[in-house]
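Top line first, the protein sequences correspond to chains A and W. Residues 1 to 111 in the working numbering are what the first sequence spells out, letter by letter. Residues 1 to 117 in the working numbering are what the second sequence spells out, letter by letter.
Take the hints with a grain of salt, since some may be wrong.
[What the hints assert, rightly or not] With the Cβ distance kept under 7 Å, some of the chain A side facing chain W (calculated, not the full set):
1) His34
2) Ser43
3) Pro44
4) Ala46
5) Gln98
6) Phe101
7) Ser103
In short, the hints are calculated from the structure, not lab data. Think of the CB as a built atom: it goes at the ideal place given N, C-alpha and C, for glycine as much as any other residue.
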Amino acid sequence: ILNVEQSPQSLHVQEGDSTNFTCSFPSSNFYALHWYRWETAKSPEALFVMTLNGDEKKKGRISATLNTKEGYSYLYIKGSQPEDSATYLCAFIGSARQLTFGSGTQLTVLP
Amino acid sequence: DSGVTQTPKHLITATGQRVTLRCSPRSGDLSVYWYQQSLDQGLQFLIQYYNGEERAKGNILERFSAQQFPDLHSELNLSSLELGDSALYFCASSTRDRGLSGANVLTFGAGSRLTVL
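Generate the whole structure from the sequences, applying the supplied hints.
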């Protein structure tokens with residue numbers, strides 16, 4: 001069983017604050033890492049696909065970095081807005097090409 | 001609308017019963033994945049099909065079964081239901097088969113919420 005861990009489990013920030021959270025995954029047999037955003041009462045939607053060590057991806061105020069050698073990825077949100085409130089999931093894909101989700105970080109941005 | 005259609009959206013049934021959840025993948029996607037999300041749990045992978053064939057199995061109970069039909073829609077059958085089977089069941093699709101390519105993400109349906117009383 002692959003261990004994909006996300007921290008913190010939940011996070012409350014004030015509007016305008018910047019924040020970041022972590023996804024840890026096995027550093028061996030890495031193939032790809034996905035980040036998904038999951039808003040309440042909706043279904044998860046893909047944010048980023050990361051495949052190379054050192055990858056940095058950005059979409060608006062959200063960005064992500066990847067370190068495959070040490071087995072972690074960070075997701076950053078700059079100037080958080082209430083609409084950023086969601087659960088952020090990372091998903092690890094190993095050499096078996098199967099996807100394993102972390103349990104997510106639940107972000108609440110307070111106005 | 002993600003293009004992945006799941007029915008029913010909500011289902012309430014009793015213990016011991018059997019239900020079928022249905023999923024139509026996004027047009028052009030050949031792979032279908034089923035996930036379970038129970039209260040306070042993350043997304044647990046159940047099973048994957050590609051073009052009608054089972055490709056991978058996760059933590060799927062023996063009381064559960066699934067199949068993918070020639071038109072690519074998939075059904076998840078849950079039998080001898082227990083209270084603990086109450087959960088949100090998601091279907092997702094992707095275009096690739098032999099595991100996901102790095103760039104090939106999952107597209108999720110809206111989920112089917114099952115309540116077992």
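Evaluation of the provided hints:
1. His34: Constraint on His34 (chain A) satisfied, holds at 6 Å.
2. Ser43: 4 Å, holds
3. Pro44: 5 Å, holds
4. Ala46: For Ala46 (chain A), the interface hint holds, since the closest Cβ of chain W sits about 4 Å away, which is under 7 Å.
5. Gln98: 6 Å, holds
6. Phe101: 4 Å, holds
7. Ser103: At about 4 Å, which falls below the 7 Å cut-off, the nearest Cβ of chain W leaves the hint on Ser103 (chain A) intact, so it holds.
The structure agrees with every numbered hint stated previously.
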